[in-house]
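J.: Below are the chains, spelled out letter by letter.
There are 2 protein chains.
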Amino acid sequence: MNVSHPSVHPIEAPPLTTTDGGGVVNEVPVRVRMKDVQGMPGTLGGLLLRICQFLFAVAALSVMTSTSDFASVTAFCYLVVAVALQSSWSLLLAIVDIYALLVCRCLRNSRIVVFFTIGDGITSTLTFAAACASAGITVLIGNDLNECGQNHCVKFETATAMAFLSWFTVSPSFLLNFWSLAAH
Amino acid sequence: MNVSHPSVHPIEAPPLTTTDGGGVVNEVPVRVRMKDVQGMPGTLGGLLLRICQFLFAVAALSVMTSTSDFASVTAFCYLVVAVALQSSWSLLLAIVDIYALLVCRCLRNSRIVVFFTIGDGITSTLTFAAACASAGITVLIGNDLNECGQNHCVKFETATAMAFLSWFTVSPSFLLNFWSLAAH
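In order, the protein sequences belong to chains A and B. If you use my numbering, the first sequence corresponds to residues 96 to 279, in order. If you use my numbering, the second sequence corresponds to residues 96 to 279, in order.
Don't read these hints as lab results, they were simulated from the structure. For glycine and all other residues, C-beta sits at the position ideal for the given N, C-alpha and C. Among the hints, a few may not be true.
Said to hold, decoys possible - Derived DEER-like restraints, expressed as beta-carbon distance ranges:
id, chain 1, residue 1, chain 2, residue 2, range
1, B, Leu186, A, Ser205, 48 to 56 Å
2, A, Cys199, B, Ser161, 58 to 66 Å
3, B, Ser183, A, Leu197, 23 to 31 Å
4, B, Ile146, A, Ile213, 23 to 31 Å
Unchecked claim - Counterexamples of contact, computed for chain A against chain B with all Cβ distances above 12 Å:
id, residue
5, Asp131
6, Gly140
7, Thr160
8, Leu174
9, Ala179
10, Ala195
11, Cys199
12, Thr253
13, Ala256
14, Leu260
Claimed, not checked - From chain B, some residues computed to sit far from chain A (all C-beta separations above 12 Å):
id, residue
15, Cys147
16, Ser163
17, Ser167
18, Val168
19, Cys199
20, Ile232
21, Leu240
22, His279
Required output: the full structure, derived from the provided sequences and hints.
T.: If you want it as structure tokens, here you go:
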């Protein structure tokens, strides 16, 4: 007995089918699960994001600490602390990603993803807050008071921009982790 | 024919079962779907969150505009714009929530949730950035320069705190919307 069955799945891969003794076609249900989206932990995209976060945070840290008078402004001290924390966290997770890429693909565990999501959320919020506070003060010094002559405006602006870039690269990690947690 | 079947579902509600003609027990699959978590759009918790966001944003706006010299600092002007946007958005969504509660529960649509999530993400980021920039400048004026005598430090601090509280109440809305989008 030949049963013609119309194509109900408009995708490239044909649905898996089995035929029982009578020739009747039974579809085997395929469980679709989102995993290994580039940018998630344990992928090459995720590792690249971590390396970018680390490099931008280290750049912000080194530029800000190279100025002599950053310690006189609370927001600049806070920026140094926040990007130091961010660079440590990103370096740690870059090492974990390298391990996962080389040895095992064992980062689909729900508890690990919860840990990564909370860590990314905290560090990205701190980095963004520090970058915004520094930006506010840099704009105050440069535009509102016009005192760039006696301040290191260019260095402050560079450090702030690096902190913003670091935040830009942490956000996809956080959102992808949160997404995979919800879709779990 | 009586088939004894061990309890494989350790939950309160017994699994729905049907018996066919021969007495064989077939389990009917039950689709579990997370919905109507308090705080999502169309719920009473969501409406309360929106009202809190609106009230805190309006408080920040009115306190900041009540100072005479906020316009001389870029970050304070930015705070006024950001909390004005936040209060408009929250008021709009509070009205939508009231409509959904009174008339229909029609906010489970995927496109509506995408729209709410993007809007919440943008407004919460802007409000948080403005609050951080204002906080940096308030701390600079009050602690680093000790010039509270000739500035409205208390009003600046109050407006900043209100903006932070508004952000605190937008974040759950954003995260719950994003979660329901991913779990859809």
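J.: Against each hint, give a clear statement of whether it holds in the structure.
T.: Right, here's what the structure says about each hint:
no., hint, result
1, B:Leu186 - A:Ser205: 48 to 56 Å, "violated, 38 Å"
2, A:Cys199 - B:Ser161: 58 to 66 Å, "holds, 60 Å"
3, B:Ser183 - A:Leu197: 23 to 31 Å, "violated, 51 Å"
4, B:Ile146 - A:Ile213: 23 to 31 Å, "holds, 28 Å"
5, Asp131, "holds, 16 Å"
6, Gly140, "holds, 18 Å"
7, Thr160, "holds, 18 Å"
8, Leu174, "violated, 9 Å"
9, Ala179, "holds, 18 Å"
10, Ala195, "holds, 22 Å"
11, Cys199, "holds, 25 Å"
12, Thr253, "holds, 17 Å"
13, Ala256, "holds, 14 Å"
14, Leu260, "holds, 15 Å"
15, Cys147, "holds, 20 Å"
16, Ser163, "holds, 16 Å"
17, Ser167, "violated, 6 Å"
18, Val168, "violated, 6 Å"
19, Cys199, "holds, 25 Å"
20, Ile232, "violated, 5 Å"
21, Leu240, "violated, 9 Å"
22, His279, "violated, 9 Å"
Violated hints for the displayed structure, listed by number in ascending order: 1, 3, 8, 17, 18, 20, 21, 22.
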